[in-house]
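Undergrad: Here is how the chains run, residue by residue.
2 protein chains.
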Amino acid sequence: MPSAKRAALLWVLALLGACAPAPPALVSAPPPAAPPAGMQYLYGSGEGAALSAQAWNALLAYVSAKVKARPADSVVLAEGAALEAPHFVPCGEKPFAAIFDVDETVMLNLGFEYHDATTGKGYDAADWDAWERTGEGAVVPVPGADGGIAALRKMGVTVVFNTNRSTANADATARAIAAAGLGAAVHGQTLFLNGDDAMGSHKDGRRATIASRYCVIAMGGDQLGDFSDLFNAGQAVPARRAATMRPAVAAMWGKGWFILPNPVYGSGLKGGFDDVFPMDKRWAPPADGEK
Amino acid sequence: MPSAKRAALLWVLALLGACAPAPPALVSAPPPAAPPAGMQYLYGSGEGAALSAQAWNALLAYVSAKVKARPADSVVLAEGAALEAPHFVPCGEKPFAAIFDVDETVMLNLGFEYHDATTGKGYDAADWDAWERTGEGAVVPVPGADGGIAALRKMGVTVVFNTNRSTANADATARAIAAAGLGAAVHGQTLFLNGDDAMGSHKDGRRATIASRYCVIAMGGDQLGDFSDLFNAGQAVPARRAATMRPAVAAMWGKGWFILPNPVYGSGLKGGFDDVFPMDKRWAPPADGEK
Chain A
84 MPSAKRAALL WVLALLGACA PAPPALVSAP PPAAPPAGMQ YLYGSGEGAA LSAQAWNALL
144 AYVSAKVKAR PADSVVLAEG AALEAPHFVP CGEKPFAAIF DVDETVMLNL GFEYHDATTG
204 KGYDAADWDA WERTGEGAVV PVPGADGGIA ALRKMGVTVV FNTNRSTANA DATARAIAAA
264 GLGAAVHGQT LFLNGDDAMG SHKDGRRATI ASRYCVIAMG GDQLGDFSDL FNAGQAVPAR
324 RAATMRPAVA AMWGKGWFIL PNPVYGSGLK GGFDDVFPMD KRWAPPADGE K
Chain B
84 MPSAKRAALL WVLALLGACA PAPPALVSAP PPAAPPAGMQ YLYGSGEGAA LSAQAWNALL
144 AYVSAKVKAR PADSVVLAEG AALEAPHFVP CGEKPFAAIF DVDETVMLNL GFEYHDATTG
204 KGYDAADWDA WERTGEGAVV PVPGADGGIA ALRKMGVTVV FNTNRSTANA DATARAIAAA
264 GLGAAVHGQT LFLNGDDAMG SHKDGRRATI ASRYCVIAMG GDQLGDFSDL FNAGQAVPAR
324 RAATMRPAVA AMWGKGWFIL PNPVYGSGLK GGFDDVFPMD KRWAPPADGE K
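Those protein sequence lines, which keep their order, are chains A and B.
Letter by letter, the first sequence follows residues 84 to 374 in the numbering used here.
Letter by letter, the second sequence follows residues 84 to 374 in the numbering used here.
Don't read these hints as lab results, they were simulated from the structure.
Honestly, I wouldn't trust all of these hints.
Just so you know, same-sequence chains aren't split out, so a pair can sit in one copy or run between any two.
With a straight-line cut-off of 30 Å between C-alpha atoms, the simulated DSSO-like cross-links for lysine-lysine are [claimed, not checked]:
no., residue 1, residue 2
1, 204, 364
2, 177, 237
3, 338, 151
4, 177, 151
5, 177, 149
6, 204, 353
7, 151, 364
8, 364, 353
9, 338, 237
10, 204, 177
11, 338, 149
12, 237, 204
13, 353, 149
14, 149, 204
15, 151, 353
16, 204, 338
17, 149, 237
18, 353, 177
The shape of chain A in the complex, shown without the other chains:
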């Protein structure tokens, strides 16, 4: 081969070589080496377990005081209440209840999240529906939830689940709740689902239905929408965070409203740099290595 032609060919081969690190188009990426940080924290760590156990311990201490001294008001916001000036559905002589979300509040969806993390598909509505229907063998209780729910029932407090799982899968969801060691849930009585009313995933309507039957002395959830739809009225990320810390709302956390950790999915995982890091709280190492 003439050396000029040969040099040209080598140059082309070098170009091709430069291309080599670019992966071919794959149907799906190879599985990651480890679960994402949020899953390590929520499903694997002692810190995450302790945080959940703490919420359940605080809830039991709070509820045991309330069953001894019946409160005038429930912890369910009354229709027309605003976060700035909350007021609550009255208790009257109604029997005591506590309302809980299901997913990542009382039950960890280990099977689905394993599938999510290993396939890298992200949330897929068809897969989630299949999970609701067939996942009962691959769930565990949130640390503290199984003992906590049993203790509530022993105190005479009815446990009501209010979840955005579908009414179409009510039986399978009741089976999953039982399989996680959380006891019985009866659709329309102690289990409320997305599709029970015309409000879709908004839970205020279902909460109002439950509060019309019970004196709700505690609510638990991993998303702000488990406490009030007013947190999901389209606020910007910083305004939504600020809404949780206004005095009347801030006073509810751990005192009627009990939040469980979820850094894996949901309404807490939003925001760009300008939402999360205020302009006046940014920093870079001093260029001169200031001592």
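Given chain A's structure and the hints, the job is docking chain B onto it.
TA: Chain B only, in chain A's frame:
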């Protein structure tokens, strides 16, 4: 240009075009479009703020009961105690205190984490040291911590900080604590640091020193090492999580030991798939689309 040569050139240009999507080797990757999920959750979300406020509310309720009825024992594990059978340093007539870690327990390191997320450098010891020395303008209190710490002092409880920031930066750390609205901290009295004894980042020795002077009725931290070094004795990830849920330890969360969320960094972010997802809790969608 002869058409053969021109075809060859076009072919080479096509190859170069195929290369185009592969990024050139850069000294550092371009900044990400948004902060990582853990930072969105901890620094930006209402859910994260509520979780922190809940821990501080639970702590204040617990401490206000304890100052009215002095306990026989502190919540600091005694020398030689095991997690399986914990026993605690006695209180005697010592004055009340509460011990807190600093970073992500009472103070959010917004400035450093902004730098970390935008540069994509990951943890850098020299940058962190510069942050300890110069970061006081870019910190905020953990939601609930500023009011909580003020309320503790009003109840007559001495607030003692036990942090792994360096003794070399004691003055700057005291300034950062004050800048976050958390009041005064005096090295050796109400501020203990890495380097105060020969145990490095292990905090048991410093806890013992504090418990020899005070009746410690509450501890707060975002890492299990803020409660006992026994959680960091080299256990596998699942064993470490199980250790937090043994009955005697599980009973401490929210009742003497108060944990704050941190899905951003630290000992909670560990583990491979086999550590985080038990073999018998895995799932995939049924291949037949089972109904």
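Undergrad: Broken hints, numbered, in rising order?
TA: 7, 10, 12, 13, 14, 15, 16 and 18
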